[in-house]
Amino acid sequence: MKKTTLLLLCALAILFAPFALAADQPPLRWAAATDSNAPYAFYGPGNKLTGFELEIIQAIAREMGREPVFVPNDWDGLIPGLSRGLYDCVICGIEITPEKSQEVRFTNPYYVTYEQFVVKRGTPRVASLDQLAGKQVGTLSQTASFVMLSKIPGVIVKTYDEEVNAYADVVNGRLFGVLLDYPIAKYYAFANPNLQFTGPPFGQISYGIALSRTNPALLEEMNAALGRVLASGEMRDILSRWGLWTAMVADTFGQPEDPSLPDTEYRAFVAATAEQPSLLNRIIGYARFWPLLLQASLLTIEVSILGMVGAVLLGFALAIMRVYGPFPLRWIATLYIELIRGTPLLIQLLILFYGLPNIGIKLEPFVAGVLGLALNYAAYEAENYRAGLLAIPKGQMEAARALGMTQRQGLFHVVIPQSFRLVLPPVTNDFISLLKDSSLVSMVTLVDLTGAYKQIATQTFDYFGAGLLVATFYLLIGLPFVRLARFTEQKLNPGTRK
Amino acid sequence: MDSFTPLVSIQDLHKSFDDTPILKGVSFAIEEGDLVSVIGPSGCGKSTMLRCINGLETLDSGVITAAGATISRKPGAKLDADFEKTAHALRQRVGMVFQQFNLFPHRTLLENTMMAPIIVRGVPHEDAEKTGRTLLEKVGLGAHADRYPANLSGGQQQRAAIARALAMQPKVMLYDEPTSALDPELVDEVLHVMKALDAEGMTQIVVTHEMRFARDASDYIIYMEGGHIVEISDEDEIFDNPKDERTRRFLRRFH
Ligand SMILES: Nc1ncnc2c1ncn2[C@@H]1O[C@H](COP(=O)(O)OP(=O)(O)OP(=O)(O)O)[C@@H](O)[C@H]1O
Ligand SMILES: [Mg+2]
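Going line by line, the protein sequences match chains A and B. Just so you know, we're using our numbering here: the first sequence kicks off at 1 and counts up by one. Just so you know, we're using our numbering here: the second sequence kicks off at 1 and counts up by one.
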């Protein structure tokens with residue numbers, strides 16, 4: 001009896017061995033900034049993640065026998081997130097440079113390209129970047145082209161967060177031209193009849209997958225996998241379909257110059273972005289963002305309410321410390337309030353999320369967002385409550401003490417209930433501000449309403465419509481609180497209560 | 001005089017604010033049931049003395065005894081570590097009524113009278129309510145028990161403040177100019193309550209500018225000036241025949 005059980009177990013073990021092995025391999029967590037990120041990794045029509053880098057990382061992960069898991073992040077947070085251990089690697093058109101190699105490790109290049117200069121159609125040819133002296137030129141922050149441009153004397157460099165806006169400013173006449181990596185230029189400018197490619201390829205840059213410096217074994221494993229993807233011709237297939245198989249790439253990888261497949265993905269992208277939908281279609285098109293908007297609204301409400309609760313509690317403690325506390329507490333409270341009020345919320349959030357890991361404190365994005373708002377607004381709440389406490393006449397505490405109450409009892413039964421009525425209207429107003437300031441939590445990778453705005457705008461290229469849509473959501477969420485503020489101002493006027 | 005056991009006694013009380021002496025050795029004693037008026041020019045330290053008696057103010061030196069609790073401090077000595085504790089015990093036996101009433105505006109009159117007994121003494125809610133209603137009835141505000149202070153006249157508010165203090169069942173009541181903030185026609189209703197309490201045997205110390213009341217109702221009168229007690233005497237005597245030149249000068253203004 002026992003033997004058969006054992007045998008059965010063995011058989012089961014053998015049966016499930018392959019699955020067990022696959023499950024043993026940890027997933028490969030990779031990050032990219034998907035906003036306005038075609039053709040690298042972006043949300044295409046139907047809200048589906050796509051892009052040539054997505055296909056490359058999928059191929060590499062498959063070669064490694066690991067499950068690829070995507071972790072979204074902001075462009076500015078990609079490298080810090082790597083150091084925080086939020087994910088294993090970043091693939092997002094990052095150029096391999098000696099400076100960056102100090103911070104992270106790069107795999108071998110998976111793509112090589114150059115900077116493409118784009119001007120308004122009809123502009124005379126730009127043969128050399130030196131010709132740009134005295135002209136306004138746009139690019140993205142933290143890119144190879146930015147470095148290239150800043151070395152040329154006299155150029156006025158304007159950095160953008162999104163390439164769409166940069167190219168739009170060329171059409172609008174705000175910029176003379178835009179210098180960006182060839183894939184970006186190809187996808188965002190090439191098909192635009194108002195824009196024109198000009199000049200020779202400028203420079204040569206290599207994209208590498210960035211890894212944390214603490215994991216050399218993973219680097220070797222990835223390089224081996226990348227080598228296999230290149231050798232098998234799969235890389236050529238991917239890049240061909242995306243219309244990115246250039247002479248420079250072929251030459252670098254030592255493979256035939258002509259594409260192995262037609263550029264179907266590129267054509268699909270151009271077709272999808274070229275069609276100008278009617279207003280009605282656009283509105284209908286937005287319907288597919290309902291789930292995203294709903295989820296984002298919930299997150300915004302959650303973060304705001306939790307942030308406010310934290311701010312109210314901490315602010316209350318700070319105010320009591322400042323008004324009634326002994327010397328050291330009073331001093332600490334004052335210092336805190338001045339420090340917080342004297343620095344921007346955005347910086348505080350970034351320190352919480354990206355700075356603290358340096359001293360071993362890693363916060364979840366949601367926790368960091370809520371904490372950031374709570375810590376910041378606590379300082380403002382504290383000042384509110386302090387004003388409220390000081391507005392109660394001294395005689396009230398005296399009367400309470402004369403009746404035998406301790407200072408504490410007087411505070412909680414006499415002074416605080418009265419100041420509560422005074423501070424309720426400003427506190428409600430503060431909540432409305434906090435609701436709007438909560439948009440900054442999109443900087444710590446949370447997809448709140450502002451995060452949703454970025455996603456919608458970069459998928460639809462309708463910045464105006466997406467802006468109005470998201471603004472409306474903020475307005476709708478804030479409306480009940482605006483009413484509440486009015487109500488409290490009218491109803492809770494102390495002394496007039498009947 | 002040997003059977004004299006004072007309910008309130010003060011011996012050589014000194015008090016200064018920021019090195020400015022305000023009380024420069026004040027002594028007196030009051031027997032149970034007495035109503036004593038304290039008069040004197042503005043700034044002479046009357047309020048300060050009153051606030052010392054129930055421990056709202058610390059003292060520099062002297063001995064204060066009220067209804068069995070004692071606060072003392074030797075000249076130059078540090079304040080007792082348990083000053084606040086003693087003062088707290090003392091305040092529970094000494095009621096105080098302020099010039100500005102200081103009722104709690106967020107509570108009804110009844111709640112005003114109930115708060116301290118419930119919070120400080122842990123008196124059950126029903127008992128506190130019963131006592132509160134009885135006391136409000138007593139000061140003529142039975143019909144207004146559930147109204148808020150802001151909707152009442154100054155005289156009504158001050159009477160409610162007296163009821164609130166009485167709810168703690170004090171042995172002594174202190175009044176700091178209880179009628180000074182009132183319109184003249186409202187003064188009498190408050191003084192009337194104090195006289196009624198006197199008739200019941202309540203011990204009361206009243207800082208006042210109401211000379212007529214001081215003369216009519218007091219058992220005796222303390223005249224203060226410049227941080228000293230200048231004269232303590234029978235109410236008729238001080239008005240008709242003040243011993244001290246300073247008292248004479250002060251009272252001349254009221255004739
Ligand atoms: N907390 C305080 N800090 C500093 N000085 C004070 C304080 N309280 C009172 N004083 C000063 O002590 C002196 C006596 O004040 P007190 O209020 O005892 O006088 P008073 O006799 O009650 O006068 P009034 O008739 O005007 O009420 C005044 O000069 C006053 O300015
Ligand atoms: Mg006074």
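If you are wondering where the hints come from, they were derived from the structure by calculation, not from laboratory data. Among the hints, a few may not be true.
As the list claims (entries may be wrong) - Which bits of chain B does chain A cover? Going by a derived footprint, with three or more residues having C-beta under 8 Å, they are: (1) 67–73; (2) 97–106; (3) 113–124; (4) 164–173.
Quick reminder that beta carbons are idealized off the backbone N, C-alpha and C, glycines included.
| message | Hint compliance check: list the failing hint numbers for this structure, sorted ascending. | response | 1
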